[in-house]
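Trainee: Produce the complete structure using the sequences and hints provided.
Number of protein chains: 2
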Amino acid sequence: MAANQSFDPRDFRQALGAFATGVTIVTARAADGLPVGITANSFNSVSLDPPMVLWSLAKNARSLPVFAAADHWNVHVLANDQDALSNRFAHAGEDKFGALALDAGVSDAPLIPGCSARFQCRAAFQYEGGDHVIFVGEVVEYDRTPRPPLLYVTGSYALAARKAAAVASVATECEQPDAIYSENLIGYLLGRAHYQFVAGFRPTLDANALSDADFFVLSLLSVRQPLSGAEIAAHIAYTGADIGAVALESLRARGLLEHVPLSGEWRLGAKGRDAILHVLAAAKAVEADAFEKLDPMEVVGLRNLLKRLIAVTDPGLPKLWRGTPA
Amino acid sequence: MAANQSFDPRDFRQALGAFATGVTIVTARAADGLPVGITANSFNSVSLDPPMVLWSLAKNARSLPVFAAADHWNVHVLANDQDALSNRFAHAGEDKFGALALDAGVSDAPLIPGCSARFQCRAAFQYEGGDHVIFVGEVVEYDRTPRPPLLYVTGSYALAARKAAAVASVATECEQPDAIYSENLIGYLLGRAHYQFVAGFRPTLDANALSDADFFVLSLLSVRQPLSGAEIAAHIAYTGADIGAVALESLRARGLLEHVPLSGEWRLGAKGRDAILHVLAAAKAVEADAFEKLDPMEVVGLRNLLKRLIAVTDPGLPKLWRGTPA
Chain A
1 MAANQSFDPR DFRQALGAFA TGVTIVTARA ADGLPVGITA NSFNSVSLDP PMVLWSLAKN
61 ARSLPVFAAA DHWNVHVLAN DQDALSNRFA HAGEDKFGAL ALDAGVSDAP LIPGCSARFQ
121 CRAAFQYEGG DHVIFVGEVV EYDRTPRPPL LYVTGSYALA ARKAAAVASV ATECEQPDAI
181 YSENLIGYLL GRAHYQFVAG FRPTLDANAL SDADFFVLSL LSVRQPLSGA EIAAHIAYTG
241 ADIGAVALES LRARGLLEHV PLSGEWRLGA KGRDAILHVL AAAKAVEADA FEKLDPMEVV
301 GLRNLLKRLI AVTDPGLPKL WRGTPA
Chain B
1001 MAANQSFDPR DFRQALGAFA TGVTIVTARA ADGLPVGITA NSFNSVSLDP PMVLWSLAKN
1061 ARSLPVFAAA DHWNVHVLAN DQDALSNRFA HAGEDKFGAL ALDAGVSDAP LIPGCSARFQ
1121 CRAAFQYEGG DHVIFVGEVV EYDRTPRPPL LYVTGSYALA ARKAAAVASV ATECEQPDAI
1181 YSENLIGYLL GRAHYQFVAG FRPTLDANAL SDADFFVLSL LSVRQPLSGA EIAAHIAYTG
1241 ADIGAVALES LRARGLLEHV PLSGEWRLGA KGRDAILHVL AAAKAVEADA FEKLDPMEVV
1301 GLRNLLKRLI AVTDPGLPKL WRGTPA
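Top line first, the protein sequences correspond to chains A and B.
Residues 1 to 326 in our numbering are what the first sequence lists, from first letter to last.
Residues 1001 to 1326 in our numbering are what the second sequence lists, from first letter to last.
The hints are simulated quantities; they were obtained by calculation from the structure and are not laboratory data.
Check the hints yourself; a few may be wrong.
[To be verified] Which stretches of chain A does chain B cover? Using the computed rule of at least three CB atoms under 8 Å from a CB of chain B, they are:
1. 113-122
2. 156-162
[To be verified] Taking lysine-lysine and the DSSO-like style, the derived pairs with C-alpha atoms no more than 30 Å apart in a straight line are:
3. A:K284 / A:K271
4. B:K1319 / A:K284
5. B:K1319 / A:K293
6. A:K284 / A:K319
7. A:K319 / B:K1293
8. B:K1284 / A:K319
Ideal Cβ positions, reconstructed from N, Cα and C, are used throughout, including at glycine.
Mentor: Set out below in structure tokens:
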């Protein structure tokens, strides 16, 4: 590690950012009745008995006088989908609360719904903390939901996922981190996860006599149709499946596809609509079964990371979802 | 949200757990020269100017007298692979430091290597905090590394990943969360991520005239060989590829596989070894290219979540890596 003799504020903040935190909004009500609120990730628990929490606020914050005078304040631990709310309360603005519907709490401090957890606090101590004031409060009421929390890590919003065990190895002493093909190769993990998932609804594919390539065509048209043969091929080429006119004609012969009159584009036939609905229902069931065994936080995180990987490996595929679904 | 009138300590702790944190080890040296250290997730930043941080320690902690008397203490923000170290320092033990090689710091407080960030602090304030004491320190030196941090969220160690943007949709108002086939279906995301990844090294597959099924067989044997035809089929069946005797014979005719004398099991031929090395090198290059565009934290997190998904959808595949590699 490289030591830093000079404390560049930006660099110091980045080092502090290595400590992951949740994101909270702390609220209070001013003497004149106006609600105040501020985004803070300086929250933490302090004591179990009595139940106490703390957070800190810059001495030059506009809301400091209100919090310093408040006898109650509420801490809202934000859920993973509340990053917009976090941004809104992070910047000075006249109308942070806007049309927010507030819940009723033990005090008149604003209580925002939709969070992962909320702590309603009676102000207990205010402590000196350099350019900040440390507020310690006694928790007089709290509630929580299963919503996965929003995180703030190394300067960005983030999601969390439980640490997993090894997949295929049976003994760590047998792992070969330098082997060219190991269970850590992302291609292996993607392939295994994907094929295991598809294996869950392959009986439904088989029952409908659908090959993988047939499935790609039908599911594509279930989202967007009609499409020309060239468009279908362009959407599917990245899978390695080569969909030509012969393959499409064969699907038409089976009643799975049909031609749009005049344009010559392709759309699902009655049998195709029926088949893809059955297959997608089976895929949904596989998904539901897997998600039941995962933490909600992991489900959100997995979708998130697959989207990140897809974005950085996208060869420039045509957009699939465009608000013109079948 | 359901309110909790009674403050069951376990339930209250779980609610506090909704606030994600990093994991730290705080260390000091006793007057008699013995090192002390304790795992804490109550750390947080307080002030930028002067640079100050805080953490809290239970009043009944055995190490409290040492920290209360120490003029310096060090905070170590743990990296994602330091969960064992976290566990070691979380429980009272005679030999937490054991054979740990320590770095030299500005004070005699123990300085542990391998962390995401470290803050060497001069003790500044000790504040009353219910059943805990709040320690505030002035940071006199700090350093950091790019190692992704370890997290503690809702009672478990966790990893973080940056929030991703949508993949395929172009406008959020067009999203149809209830559509049976949407970009949020994990099967779609897995398939798209997997096929995009494979597309990156498909030219190498094509140059070696390898089908997907051929690739599965060669990569399997590159990890474990020799295998019987039945074993090969059992390892690969979940991909949907049907590897029979004819397919294996055809690979033998091309010099990619060969029979083990007497046993009749299969192993890679010279051409097969060469081909799979080229393909795996190409796959590694695709992986390296993708990882360059992702945060190290996301790489760790993606592997982690794919392993979790694989574990919960595993149909009971035979173990692949067993310390008997090719």
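Trainee: Each of the hints needs a verdict: does it hold here or not?
Mentor: Hint-by-hint comparison with the structure:
1. 113-122: Holds, because 6 residues of the stretch 113-122 of chain A bring their Cβ atoms closer than 8 Å to Cβ atoms of chain B.
2. 156-162: That given contact holds, which follows from 7 residues of the stretch 156-162 of chain A lying within Cβ reach (below 8 Å) of chain B.
3. A:K284 / A:K271: holds, 20 Å
4. B:K1319 / A:K284: holds, 27 Å
5. B:K1319 / A:K293: holds, 21 Å
6. A:K284 / A:K319: Distance of about 22 Å is within 30 Å: holds.
7. A:K319 / B:K1293: holds, 21 Å
8. B:K1284 / A:K319: Holds. B:K1284 to A:K319 sits at ~28 Å (cutoff 30 Å).
No hint from the list above goes unmet by this structure.
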